[in-house]
Every structure is written in structure tokens, then in C-alpha cells.
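J.: Chain by chain, the residues:
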Amino acid sequence: MAGSDHAPPPFFKRGPAPLALLTFYIALSLALFFVDLRLRSLDLLRQTVALITDPIQRIAQMPGGLVDNAGDYLRGLDKLLEENRSLKQAQLQTAPNLLRLEQLESENDRLRKLLAVKEREKARGEVARIMYTARDPFTRRIVIDKGQQSGIVAGQPAIDEAGVVGQVTRVFPFSAEITLITDKDQTVPVQVVRSGQRSVVFGLGSGELELRYIPANADIREGDLLVTSGLDGVYLAGFPVAKVVSIERDNSYAFARIRCAPVAAVENFGEVLVLAPRASQPPPPPDSPGRAGNSGTPGQEEKK
Amino acid sequence: MMQPTFSSSRILLPVRPWFIVASLFAALLANFLPTAHWPGIPDWVALVLCFWCIRETRRVGMGWAFFLGLAMDVADGAVLGQHCFAYVLLAYFAAGQSRRILWFPLAQQALQIFPLLLACQVIQLLMRLPTGADFPGWGYLIGPLSATLLWIPATFLLLLPQYQPVERDANRPL
Chain A
1 MAGSDHAPPP FFKRGPAPLA LLTFYIALSL ALFFVDLRLR SLDLLRQTVA
51 LITDPIQRIA QMPGGLVDNA GDYLRGLDKL LEENRSLKQA QLQTAPNLLR
101 LEQLESENDR LRKLLAVKER EKARGEVARI MYTARDPFTR RIVIDKGQQS
151 GIVAGQPAID EAGVVGQVTR VFPFSAEITL ITDKDQTVPV QVVRSGQRSV
201 VFGLGSGELE LRYIPANADI REGDLLVTSG LDGVYLAGFP VAKVVSIERD
251 NSYAFARIRC APVAAVENFG EVLVLAPRAS QPPPPPDSPG RAGNSGTPGQ
301 EEKK
Chain B
1 MMQPTFSSSR ILLPVRPWFI VASLFAALLA NFLPTAHWPG IPDWVALVLC
51 FWCIRETRRV GMGWAFFLGL AMDVADGAVL GQHCFAYVLL AYFAAGQSRR
101 ILWFPLAQQA LQIFPLLLAC QVIQLLMRLP TGADFPGWGY LIGPLSATLL
151 WIPATFLLLL PQYQPVERDA NRPL
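Chains A and B, in that order, are what the protein sequence lines are.
With the first letter of the first sequence counted as 1, position 118 gets the number 118 in the numbering used here; the numbers rise by one all the way through.
With the first letter of the second sequence counted as 1, position 151 gets the number 151 in the numbering used here; the numbers rise by one all the way through.
Watch out, some of these pointers could steer you wrong.
With a Cα cut of at most 20 Å, we get these calculated SDA-like pairs of lysine to any residue [said to hold, decoys possible]: (1) A:Lys-243 / A:Val-227; (2) A:Lys-184 / B:Gly-139; (3) A:Lys-184 / B:Leu-125.
Keep in mind the hints are simulated off the structure, nothing from the lab.
Construct the entire structure; sequences and hints are all you get.
T.: Encoded structure:
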């Protein structure tokens, strides 16, 4: 008891010095920053914190959803009837193709078997609703309402009714984050439908895409459709990705500067189909040491 | 009778800890609203955190800043540590300047707050740009400006519970 007489009264106690605390917290946050950025090994921490923030985010998104619903309700019967009519018409227009699709697929299968070519993979997937756009202003991502509980894993491609939207990059227990193809340096291996030429399209971060590494004298025109080439083992072949908007050919560069616009309604709200991960990936070529490390997810290539 | 304005020098009631927590939570909720994508919407958490760090230096500090930053990072889908770093620095300098800032009248306080909030935003920009992120546009830096303009109403709102008279009057609304 005698020793505690000389301790300062409790109202002078202020905990550690501010500068010490500052150093501690700054070191902690910088460590988090670099570990997350370079090693990407903090998913467990992220998922744990997300368990707390996710419900709050859902609550915060509710007013917007209510306004949307009310808008839909008030738009009225006429609009719906109109929409219904146009949908029926569209269905009728695609009917000839759809009706023959089954026959064509079986024919294709038979021919492939005759030629001893590997069977074409079928697209399966899960429909998910887009909840909101991720708030981070530096990237282009959306959050969907299905996560680990629905078996979503990172790397799955997502499409909408028109084409490729993006790729799942982070998975939380009840939600998942999709990086849009327009995100800066997000890559999709594509093929020009008209000429069959293969290349890679990069997101520019401004809502546009750029087709890189196409020689200036290559056969490519404005309006050309780019579809996934399927070479990467992530995207199935044949999904529309973008349309060529403008081509600049400058003699001082080896490659043409080709701007494309995404085909899918990439930056709008709605529903997406998250495709199941591709069953089998082609084995890497046996004797090419330069390409050995590329068997991962090509959508997340390192930046130069 | 003395007007219960925020610029008066009347003695305030002590702050209730639950009100601090509630206001920070409300700020977090406001940040998650879909309006966050509109240009010029302030970072509510930074504003409220800055307010409490200046007013209640001993109750709200860098620990709160760190964990709120962590929540913001996860909710944003940003790189972990980005908001933590910015908020911790904000809390430190806000607390360090609190005696000086509180000396000024409210409008001039807002002028003192502006560099703090701007720095909070610029730090995040400087952290992300070298790592290959896309420049989000100048609208990103309007947020601190609108937060500065909101300093006076925010002060009024957040101090409101402390203006209550000691003798409760059933007929008085506040």
C-alpha cells in the first residue's frame, strides 16, 4: 500500500504517449497495406471484418432498393405490356436459331467425336443479383449477393445477357466482388470474330477497353466483334466481350491503338450469371520454360 | 436568458459515450449509402472522427481511427490499411491541434479542419496511385471541401445532446 501512495492520481493517467501510439498504428496499417498489396494473404481478416460490415452495407443499400422497387411499381402496366410484347417478339426472332441449337450441338458433338477433338465445354452457372458498386473510387468493381455459401470461388467469370461482365476476384461468406473488364489492367484474352486473330484486351479504367499487341497493318476494322478466345482456362470460348470503336494507326509505333467498348451493360445494375469454373485446364506445353508460370488466373496479370 | 448556441461559452453537459459510438456508427452507415458515388459527398466517417478527436481527445483517438479505417477498407474493397493509415494520421493531428482549433470561432475552425480532411484524402490518393490504381478524377478531392462546409451544422448536431438543461422541463423538446 505504501508504494501506491506516490503513484499519480488516476486523472493524470493518459495511456501511452500519443507519438508512441501513432508509431504503433502507422506501422500496423502500413504492414497491412503492403501485405495485402503484395502477398494477398489477408483474406481471412477481410472475411472476418466483412461479417460485421456486410450487414451494415445491406441496411445502407435498402433505401435505394426501395426507391427502385417503387419506381418499377409506378411505371405501370402499359410499360410492362410493351416490354412483354417486345420480349415475345425478340424470342420469336431468336426461335429459329434456338430450336436448331440442340440439333446443331448434337451434330457438333458427333463431328467432334469423328475428328477425335475434345468435347466442347458446356456453360453452367449461377444467377446473382448485383447489390452495389464497390465504393472504392480507384477501381471498378461490383458486389453480388452470392458468396462462399453458394459455392462461388475467386476466378469465376461473370456474364450478363449480352456478354462478359468481369471476373470474381474476392469472395466473402455471403457476397462476392466482381472486377469489371473495364477495370484498369484487367485482361481478357479475345479473338476477333471476323478474322480469327487472337489478342488480349485490357481495361483502361475509364469505361473503355483497349486491344493491345495488334500490329498496325493487321486486318481489323471498326465495328469488329471480339469474343473470348478460351485460351486462358478461365473464360469459356465464344462470349462477346467488346466492339472495336476506333483505330489509330501511327507509323512510329509497331502496334495499332485500338479502342473498344464493352458489349455487356458492364456499369449498370441488374443481374449477372456467374459461370462455373472450367472443369479441365489444358496442360502447359512441356518444353517452354518462359510460359511455365502462366497457368494461374490470367485476369490478374502483374503490372509492368 | 443565454441563447443555447454552439458559439456561446456556456458550459456543456459531459458527452455520453454511447452517443459518440452511435454517431460514428451513423457516419459509417452514411458512407455505405449508394450516394457515396456522387461527386462532392464527404467522407462522413472522417468528418465525425475528426470532430470527436478534437472535442473529446481522451475518449476518441487513434484506436477508433484504426478500426473504423479497417471497416472502411473492407467495405470499400480497397487495399487493407489505406483508410487505417489516413484516419490514424487524421486522428493524431486533430487531437494534437484540438486546443488550438477550439479556440477559434466556428467558421475559422472549419478553415483549420479543411487541410486535415484534404490531407486524409490526398494520403489515400498517394497510397493508391503508385500501386497502379486508376486516377479517380478531381471530384475525389471535392469531398473534403463539402465536409468543411458541413463543419458548422455537424458541430451543432453533434453537440446537441450536450445542450440539454440540467433541470429537465417536460414541455421543452430538447
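J.: Now tell me, hint by hint, if it's right for this structure.
T.: To see whether the hints hold, each was checked on the structure:
no., hint, in the structure
1, A:Lys-243 / A:Val-227, "9 Å, holds"
2, A:Lys-184 / B:Gly-139, "19 Å, holds"
3, A:Lys-184 / B:Leu-125, "16 Å, holds"
Violated hints for the displayed structure: none, as all numbered hints are satisfied.
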